[in-house]
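If you're matching them up, the sequences are chains A and B in order. Numbering-wise, this note's numbering puts 406 at position 406 of the first sequence, and it's gapless, one number per residue. Numbering-wise, this note's numbering puts 181 at position 181 of the second sequence, and it's gapless, one number per residue.
Careful, some of the hints might be misleading.
Derived contacts from chain A toward chain B, CB cut-off under 10 Å, selection only [unchecked claim]:
#, residue
1, Ala101
2, Leu102
3, Glu128
4, Phe188
Cβ-Cβ distance ranges computed for the label pairs, FRET-style [what the hints assert, rightly or not]:
#, chain 1, residue 1, chain 2, residue 2, range
5, B, Ala75, A, Glu87, 26 to 32 Å
6, B, Leu131, A, Asp274, 33 to 39 Å
7, B, Asn114, A, Ala83, 41 to 47 Å
Don't read these hints as lab results, they were simulated from the structure. Each residue gets a CB set at the ideal place from its N, CA and C atoms; glycine is no exception.
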Amino acid sequence: MAPPSDPGQTEPSPPLFLGRGLTKRFGSFTANDAIDLDLAGGEIHALLGENGAGKSTLVKLITGLLQPDDGQMMWRGAPVAFAGPAEARMRGIAAVSQHFALFDNLTVAENVALGLDARASVRKLSDELERVAQRYGLPLDPKREVWRLSVGERQRIEIVRALLQDPQLLILDEPTAVLTPAEADRLFEVLEQLRADGRALLYISHKLEEVRRLAGTATILRGGRVVGRCDPRLESTATLARMMVGSDVIAPKQSIHTIGEPRLSVTALTLPPDDPHGVTLRDITLQVRSGEIVGIAGVAGNGQDELFAALSGETVIDREEAIAIGGTAAGGLTINQRRELGAAFVPEQRLGHATVPTMSLSDNALLTGHGTGSLVRFGLVDRGATLALVDRVTETFDVRKAKRDPEAARLSGGNLQKFIVGREILREPGLLIVDQPSWGLDAGAAGAIRQALLDLSATGAAVLVISQDLDELIEIADRIAVMFHGRLSPPRPVSEIGRDQLGLLMGGSGWQTTEARDGAGA
Amino acid sequence: MGLFEAILLSIITASTPLLLAASGELIAERAGVLNLGVEGMMLIGAVCGFAGAWATGSTAIGALCGIVAGVALAALFALAAIGLAINQVAAGLALTILGTGLAGLIGAPLVGENIAAAPHLWLPGLTDLPLIGKLLFGQDAFVYLAIGLMVGIAYVLARTRTGLILRAVGDDPASAHALGYNVAAVRTLAVLFGGGCAGLAGAYLTLAYTPFYAPGMTAGRGWIALALVVFASWRPGRLVAGAALFGAVSILQLHAQAFGLGVPSQLMSALPYLATVVVLVLISRIRRGGSVAPAALGTTFVPER
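Work out the full structure: start from the sequences and follow the hints.
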C-alpha cells in the first residue's frame, strides 16, 4: 500500500459532508448525542468506538436509513434531509454495511442490481461486475446464489456493489474483518485510489493498526458522544484504544501451561461437500492436545465451514475413525453424542446458528446444555437451573444486558458472543471448537473472549480456533495451520512460523506443487 | 365430439379458475404475503361478477365487477396485514369468512336468475379442425386471458427489475428496506393484484363455468389455488402444469362416479392436497439450504423508526 499522503498535498476543499449536532433517541436512550462530523473529499476519515458507542446509528443517519431527531446535515454546502436511503444514494453516498443487506435466494448479480438505481439489465451488469471484481481483486461469480457463499464472499458483494455506484462518499463498516492481510492490503490500495480521486471515505474499524495506517483524521465516539478528534498517524495504538474504551485495554496474556494427551484427532479426513458449490475437504490431519490452542487460519470459503460442520457433527462422516474425540471414534456421532464426550462448539453465526434470535437466553442456554448437566430433570426443563446458568454466565463473562433474561437478538454482538462462549465454557468442556470467535467485535469484547479461551486451555482443555483474523491467532494460539482449497497445512508452533509465511500459505503459495495443483482444481 | 375431447375441454374449464386465482396468489406470496382469503375473494368476485353481468347483460362488465370486488376485499386485507402489521394468517382467514358472508348477503336476491354464458371463440376453419380445433381455438376469453397472464407473470418475475424487486421484498424485507425500496407499497400492490385475479377467477365461475349463481359455489377452489401455489413451488411454469393436473383430478372424479368406479369421491377431492404434501416432501428432500419458498413468506415487516 502507498503511504498515506500528507493532507497538505491535496487542495483544501470545502467539506463534502457536514453534520452539526446530530441527535438520535430511541425512547429514553440517546444513541447519538449532538454529534459534529466533517467529511472532506480526498480524505479517509476514521470513525472509532466500541460496540454500542453509536457508530452504526450515525452511519444510518448519514445514509438516510434513520432520520435525526435534532441537528442538521449539509451536503456540498446545502442543507439536506434524507427521507430514505435512495435519496442519500442519489447524491452519491454509498455504504458497505457490517450487517449485509443481501438476499439469500437471489444471485450475486441480482443482489448488485437491487443496490443500483441504474436500470441496467442483470446480464449486462454481470459483465460489469466481473470487470470491477477483477480490477479490485475481489473475485465473485455473478450467477451464484448468496446462501451458498461464506461471510467473506458476501462482504465482497457489498464492496463491489458500493464501488459500482461510483460514490462521492463511501462508508465502510469493518471492511477487513474477514479478509486476509494480502486482501486487506489490496483493499487499502483501492481505498487509497478512491481517496486520490477526491472522494471522501468514512472508515469504521476496531482495528487500530489499520486506522493508523489509512486514515488522516479520526473521530472517536463513546456512549453516543464525540470524545475525541485526532490525526491517528500521530497517535499510538494504545492512546487510540484509551480514547475509545476510556481505559487501558487488557491484552490477553499467554499463560504457561502443560500440554497433554490429544483430545481431538482428525486423521486423513476427506469429505465431498453437501452443497454442489461447497469445498471438498482433502486429506485433513490434525491433533489438538489438552492444554493447547490450535489456530486454523485461511481466507473465507476455503473449507472452514465444511470442516467446522464435520467436527461438530452437523455433517456426519461415514468413516467413523476419521474424527476421534477424547480417543473415541466420533465421525458417525451426532452433535449431542459428541457433547457427551466432552466437546463444545461455537459456530460462526451468532444469531440463527449459535442462538435462536427470538428465544430467551435461558432457552438458548438449554439448547446446547440439555444433553449434559442438570438443566433437565425427569424430562422437564428446570427453569431455575437455566436461569441460574444465565446468571453465572452473565457474572463470569460480564455480559451486559437490559434485563435478566432477554431475547438473544436484543444483545449487542459483543455481549451475545460473550454469552455464547461463556455458555460453552461453563459446561467445562475437554475440547472447545470455535469458529470466528471475535468477528466484528470491539477491542474490549474481543480481548475478553480471547482471554476466556486462554483461561480455558490453561485448565487443561484443548481449544481449536478457526479464524480469519491472523493477529488473533498469533496472539492466542500455540500452533497455527492454514486452510487453502480444502487442504490443511501441518500446524506449526507460532514461535517458528512468521506472519509473512502464513500470509503466503493463505494466498495459496508455498504449498507443495501437487497439492497446489489439486487444490486449484477443487 | 368424442368423450376424450369432451373430457379435455372440461379439464380446461375446470383448470382456468384455479390458474387465475393461483397466479394472483403467487404474486402476493412472492412478495412475502400469505393471503389465505383467496376463497373469500373468489366468492365475492363470483357474486359481484354475476350481478354486473345480470344488470348490464355484458360479460366484460361482469368480469370487471368481479375484479373490482376482489381488489376491494384485498385492500381490506392489505390495510390489516400490511398497514397495521396484523398476523397474515389470522387476517386471511378472517377475510375468507367475511367474503363468504358478504357474498351470501349480496347474492341472496340473485339465486335462481340466469344470464347468457360468455361467448366462445369461433374462427372459421380453425375451430372446426378435428380434436384440437375446439381445444385451441374454441375457448372463451377467460381461458386465453389466464394463459396470457401466466406468461406475463413468468416474464416479469424472471426478466424484469419489477420482478426482481418483488422477489427481493419476499426474500428479505429488511434488506430491501435498507436498499431504499418501499416494502409496504410493493407488498400492497402485490396483494391487490392477487385480489383482482381471485375476483376474476370467481367471476369466471358465474359468467362462463355455470351461467348462474349459487351460494358457496366456489366449493373450496380458493383453497386448492393456495395449495397449487405451494405445489408449483412458487414457479409460474409449474403452476400451469399443476392447474391442469388439479383440474383433471376434479373432472376425472366426476367421470369415475359416472362409470361407477369404486373410488370414494371424498378421496378424489382430497387428491390435490395430498399431491401438495408429497411435493413439499420432495422439494425439501432434493434441495438443501436456501429456500424454495419466499424466505419471508407470512412475516410482517415494520421498518425501524
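Hints versus structure:
| no. | hint | verdict |
| --- | --- | --- |
| 1 | Ala101 | holds, 4 Å |
| 2 | Leu102 | holds, 6 Å |
| 3 | Glu128 | violated, 16 Å |
| 4 | Phe188 | violated, 26 Å |
| 5 | B:Ala75 x A:Glu87: 26 to 32 Å | holds, 28 Å |
| 6 | B:Leu131 x A:Asp274: 33 to 39 Å | violated, 49 Å |
| 7 | B:Asn114 x A:Ala83: 41 to 47 Å | violated, 55 Å |
Going through the hint list in order, the structure does not satisfy hints 3, 4, 6 and 7.
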